[in-house]
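*Asks:* Chains as they are written, first to last, in my numbering: chain A, 4 to 430; chain X, 4 to 430.
Hints are supplied without guarantee of correctness; some may be wrong.
DSS-like mimics (lysine-lysine), calculated; alpha carbons at most 30 angstroms apart, straight line [claimed, not checked]:
(1) 368/X - 186/X
(2) 368/A - 47/A
(3) 186/A - 186/X
(4) 166/X - 361/A
(5) 186/X - 112/X
(6) 347/A - 195/X
(7) 347/A - 190/A
(8) 186/X - 191/A
(9) 195/A - 347/A
(10) 361/X - 166/A
(11) 195/X - 186/A
(12) 347/A - 186/X
One side only, chain A facing chain X, incomplete, derived with CB under 7 angstroms [what the hints assert, rightly or not]:
(13) 154
(14) 176
(15) 178
(16) 391
Hint data in this document are derived by calculation from the structure and do not stem from the laboratory.
On a predicted model such as this, the values are computed, not experimentally measured, just so you know.
Here a beta-carbon is modelled for each residue, glycine too, at the ideal position from N, C-alpha and C.
2 protein chains.
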Amino acid sequence: MAEEFDFHPMWESLGMNLADHDMLLGAVGQMYGDMFLTQNNRPKSTSYLDFVATNIHSGRIKEMLDKKEAGEATKIVGSFCVYVPEEIVLACDGIPVGLCSGADWATDKVEEHLPRNTCPLIKSFAGFKLGEVCPYIESSDLVVGENTCDGKKKAYEFFATQKNMYVMDIPNVHDESTLVTWKAEVKKLAAKIEEECGVTITPERLKAAIHAVNGKRRALQRLAATRAADPAPISGLDSLLTVQAAFMDDTPRLTGAINEMAAECEQRVEAGEGVAPKGTKRILYTGTPMAVPNWKLFNLIEKAGGVVVGEESCTGSRYYKDLVDESGETVDEMLDAIAERYFKINCAVFTPNHQRMKDIVQMAKDLHADGIVDVALQFCTLYEMESFAVEKAAEEAGIPFMHITTDYAGEDAGQLQTRIEAFLETI
Amino acid sequence: MAEEFDFHPMWESLGMNLADHDMLLGAVGQMYGDMFLTQNNRPKSTSYLDFVATNIHSGRIKEMLDKKEAGEATKIVGSFCVYVPEEIVLACDGIPVGLCSGADWATDKVEEHLPRNTCPLIKSFAGFKLGEVCPYIESSDLVVGENTCDGKKKAYEFFATQKNMYVMDIPNVHDESTLVTWKAEVKKLAAKIEEECGVTITPERLKAAIHAVNGKRRALQRLAATRAADPAPISGLDSLLTVQAAFMDDTPRLTGAINEMAAECEQRVEAGEGVAPKGTKRILYTGTPMAVPNWKLFNLIEKAGGVVVGEESCTGSRYYKDLVDESGETVDEMLDAIAERYFKINCAVFTPNHQRMKDIVQMAKDLHADGIVDVALQFCTLYEMESFAVEKAAEEAGIPFMHITTDYAGEDAGQLQTRIEAFLETI
Numbered sequence: 004m005a006e007e008f009d010f011h012p013m014w015e016s017l018g019m020n021l022a023d024h025d026m027l028l029g030a031v032g033q034m035y036g037d038m039f040l041t042q043n044n045r046p047k048s049t050s051y052l053d054f055v056a057t058n059i060h061s062g063r064i065k066e067m068l069d070k071k072e073a074g075e076a077t078k079i080v081g082s083f084c085v086y087v088p089e090e091i092v093l094a095c096d097g098i099p100v101g102l103c104s105g106a107d108w109a110t111d112k113v114e115e116h117l118p119r120n121t122c123p124l125i126k127s128f129a130g131f132k133l134g135e136v137c138p139y140i141e142s143s144d145l146v147v148g149e150n151t152c153d154g155k156k157k158a159y160e161f162f163a164t165q166k167n168m169y170v171m172d173i174p175n176v177h178d179e180s181t182l183v184t185w186k187a188e189v190k191k192l193a194a195k196i197e198e199e200c201g202v203t204i205t206p207e208r209l210k211a212a213i214h215a216v217n218g219k220r221r222a223l224q225r226l227a228a229t230r231a232a233d234p235a236p237i238s239g240l241d242s243l244l245t246v247q248a249a250f251m252d253d254t255p256r257l258t259g260a261i262n263e264m265a266a267e268c269e270q271r272v273e274a275g276e277g278v279a280p281k282g283t284k285r286i287l288y289t290g291t292p293m294a295v296p297n298w299k300l301f302n303l304i305e306k307a308g309g310v311v312v313g314e315e316s317c318t319g320s321r322y323y324k325d326l327v328d329e330s331g332e333t334v335d336e337m338l339d340a341i342a343e344r345y346f347k348i349n350c351a352v353f354t355p356n357h358q359r360m361k362d363i364v365q366m367a368k369d370l371h372a373d374g375i376v377d378v379a380l381q382f383c384t385l386y387e388m389e390s391f392a393v394e395k396a397a398e399e400a401g402i403p404f405m406h407i408t409t410d411y412a413g414e415d416a417g418q419l420q421t422r423i424e425a426f427l428e429t430i
Numbered sequence: 004m005a006e007e008f009d010f011h012p013m014w015e016s017l018g019m020n021l022a023d024h025d026m027l028l029g030a031v032g033q034m035y036g037d038m039f040l041t042q043n044n045r046p047k048s049t050s051y052l053d054f055v056a057t058n059i060h061s062g063r064i065k066e067m068l069d070k071k072e073a074g075e076a077t078k079i080v081g082s083f084c085v086y087v088p089e090e091i092v093l094a095c096d097g098i099p100v101g102l103c104s105g106a107d108w109a110t111d112k113v114e115e116h117l118p119r120n121t122c123p124l125i126k127s128f129a130g131f132k133l134g135e136v137c138p139y140i141e142s143s144d145l146v147v148g149e150n151t152c153d154g155k156k157k158a159y160e161f162f163a164t165q166k167n168m169y170v171m172d173i174p175n176v177h178d179e180s181t182l183v184t185w186k187a188e189v190k191k192l193a194a195k196i197e198e199e200c201g202v203t204i205t206p207e208r209l210k211a212a213i214h215a216v217n218g219k220r221r222a223l224q225r226l227a228a229t230r231a232a233d234p235a236p237i238s239g240l241d242s243l244l245t246v247q248a249a250f251m252d253d254t255p256r257l258t259g260a261i262n263e264m265a266a267e268c269e270q271r272v273e274a275g276e277g278v279a280p281k282g283t284k285r286i287l288y289t290g291t292p293m294a295v296p297n298w299k300l301f302n303l304i305e306k307a308g309g310v311v312v313g314e315e316s317c318t319g320s321r322y323y324k325d326l327v328d329e330s331g332e333t334v335d336e337m338l339d340a341i342a343e344r345y346f347k348i349n350c351a352v353f354t355p356n357h358q359r360m361k362d363i364v365q366m367a368k369d370l371h372a373d374g375i376v377d378v379a380l381q382f383c384t385l386y387e388m389e390s391f392a393v394e395k396a397a398e399e400a401g402i403p404f405m406h407i408t409t410d411y412a413g414e415d416a417g418q419l420q421t422r423i424e425a426f427l428e429t430i
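With the rest of the complex left out, here is chain A (with noise of 0.2 angstroms):
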């Protein structure tokens, strides 16, 4: 994909607002630059995340239109959360997107909708929405929701105003009869997606298409793992960046190049090769995801000079720690094992969550960090107030930690990097 290329035309037939969108391109690219190719030490294959960023509104916007274009794909779907199975988009030759959530826009058409205190990735897909200028979802045939939170949940109701809305139903409960529940809705999800996209799921298509995420979620374990060395081969902002790639680069292309990563970084783990020198301090992330480009926690603490071993977040371990059972034969088995996936991720609308107190506790140990930064984006109400029970379980494992309330703002950077350096300097 050229560089070269004048992407403008498309904007344009897309219904964007050209100029605002040149700005936000310009911002993002800059942060980028300042964040990312400032880091020493990276693996070389961290090329491919660049790739993505430069092409991530472009290139890859033109090349999933081409492919609707050209018959190779039905329909584009987005979504704003892990709960949404792809591989039932997949299976109908769909393509999976996540969309723009991941900064501040249009702040002031926003509440014009939705309460000023309302979580900041909530008011961002609005703001890129009423601000036309995010491609995804100008270029999503459908939008697939989910009642995760009160917030997103109200949002939505406004949000099927400006776009084509189906919306998933999650429990509060895991237990047997909410299994049940949500294997229902899976299947309903799936019957949608097959009539969004005029195609019926075979046994074939959706063998393959569980086989094609297991794949993707399988090379982000390996690279993940690989944390665990000290020094760690590569930052949390890159591998942050490889989550967040997952939820919009092409699945298999994406695989290979988390393969390739996870391959180098073993190579520098064996040859004790660092991102940052060993006896830096390792930082295990939790709490709300970071949509792209929301940067600005890792970019903290790694330029406070810490490093960042693990995510336990959205965008992070949960995207990625469990797989699908690939033991099904007929269309209702793999749906039901897909259901059952997708129930283990331990979102925090769950009430009770204890396992997620165990994962976390688990991964610090597996991953070898030295304290915990706990982060809600403000009025997340779910994070913010589970972050007491996440508290707690640090200090019953005897993990350093410590709660970060921030928002897409660049304001509290100050304030948060001297935090930062002083929870880096107790542990």
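Put chain X on the given structure of chain A with help from the hints.
*Replies:* Chain X only, in chain A's frame:
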């Protein structure tokens, strides 16, 4: 119940903090005097409300404990929400009570367990427990929570460390399949209450309980209907207290008293007698519930020269507008009828929630409201977000609308008074 009786030994036996509780009662008593007893032209039968207010933490608690002692009642079952079916508790000779959640208390202790940015109602019930100043919480043998919002859902995880707790799951969506789920949830609660009270629910017991609670709701409907008249026969403040009392007082006594108030108000309407002059600006309140002693908004509206003629709220019409169908003969049929009745409550937990908008517009028309004051407690994501839909519905129906976000503190009273006065002038 004699005023001279010393209740301190009873409060002490409940493990309460006597000095703090005395302070609380003093403050609430003062507030009651300033807000309620200064009203002009109250119906004489509101003396019942003064009786309730006087006895709320004293005589009523003694009465409940005495009933248990005498074997006339089995258990005291507390709750925080109109979604917990009191018919089931009554059928087991239990005493259903609403728990304290209407004032800030022990905030410093609360914030060790819950985020500062939590809705005041949630912080309040945690504070009443941690500060040991709510005799309803302390005397409850079981507390039944419900997953109606992210904040309560997570706060109940903490509350369960303090009290014997059971949580009902509430759906996000109103449809045929969630009605099935909800019916199962109601039956699970019935089994839990039977077990807790050591009573088996028989058709006779349940029929009697349904009849009693329907009678209570009918009385409240009858009273509410008189408020359509101009002049309004009773204030919003007193009307609010009738529903607040319905969560705490003995069902037959309350039903009798409310019917007396309704009869007096019917006579006043006949005679053209009102609590405020004919032509007083008439306000429909919509939004979050107000637990005792949260009378702030109604006091402001009515002291500013308006009169509240209806409450679309859980401490209002949502409590009494629907009855349980009484045609069921078996326990199973009656539990289904109970589930169906509660399923109609248009809490903002539901998505979408169109019927609530229709109810609001209908209430405004039926009650000849001149304007809507829509209120959300601070950090109440659901009602805060749904206020945009309420505003749109009001606008489309041509009803003047104002939205207020507030908390339990008095700091914004001056500013709110100015805003409310300005609103009353424009309508």
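*Asks:* Taking the hints in turn, state whether each one holds.
*Replies:* Okay, the hints, checked on the actual structure:
1. With a CA separation close to 33 angstroms, the supplied pair residue 368/X and residue 186/X exceeds the 30 angstroms bound.
2. This hinted pair checks out: residue 368/A and residue 47/A have alpha carbons roughly 28 angstroms apart, not beyond 30 angstroms.
3. A C-alpha spacing of about 19 angstroms is found between residue 186/A and residue 186/X, which places the hinted pair at or below 30 angstroms, so the restraint holds.
4. Distance hint between residue 166/X and residue 361/A is fulfilled; the C-alpha atoms sit about 24 angstroms from each other, no more than 30 angstroms.
5. Between residue 186/X and residue 112/X the alpha-carbon distance is near 38 angstroms, which puts this suggested pair outside the 30 angstroms criterion.
6. Straight-line distance between C-alpha atoms of residue 347/A and residue 195/X comes to about 28 angstroms, which keeps the hinted pair within the 30 angstroms bound.
7. In summary, the hint linking residue 347/A to residue 190/A is supported, as the alpha carbons are separated by about 17 angstroms, within the 30 angstroms threshold.
8. Under the criterion of a C-alpha separation no larger than 30 angstroms, the hint pairing residue 186/X with residue 191/A is consistent with the structure, at around 21 angstroms.
9. As the CA atoms of residue 195/A and residue 347/A are separated by approximately 23 angstroms, the hinted pair is consistent with the 30 angstroms bound.
10. Restraint check for residue 361/X and residue 166/A: the C-alpha separation of about 24 angstroms stays at or below 30 angstroms, so the hint holds.
11. A hinted pair counts as satisfied when its Cα atoms are at most 30 angstroms apart, and residue 195/X with residue 186/A qualifies at roughly 27 angstroms.
12. The straight-line distance between the Cα atoms of residue 347/A and residue 186/X is roughly 26 angstroms, inside the 30 angstroms bound, and the hint therefore holds.
13. Hint status for residue 154/A: holds, given a least beta-carbon distance of 5 angstroms to chain X, under 7 angstroms.
14. Of the supplied interface hints, the one on residue 176/A holds, with its beta-carbon coming within about 5 angstroms of a beta-carbon of chain X, less than 7 angstroms.
15. About 9 angstroms separates the beta-carbon of residue 178/A from the nearest beta-carbon of chain X, more than 7 angstroms, and the hint is not met.
16. Interface hint status for residue 391/A: upheld, as the beta-carbon distance to the closest one in chain X is roughly 6 angstroms, under 7 angstroms.
Taken one by one, the earlier hints fail for this structure at numbers 1, 5 and 15, listed in ascending order.
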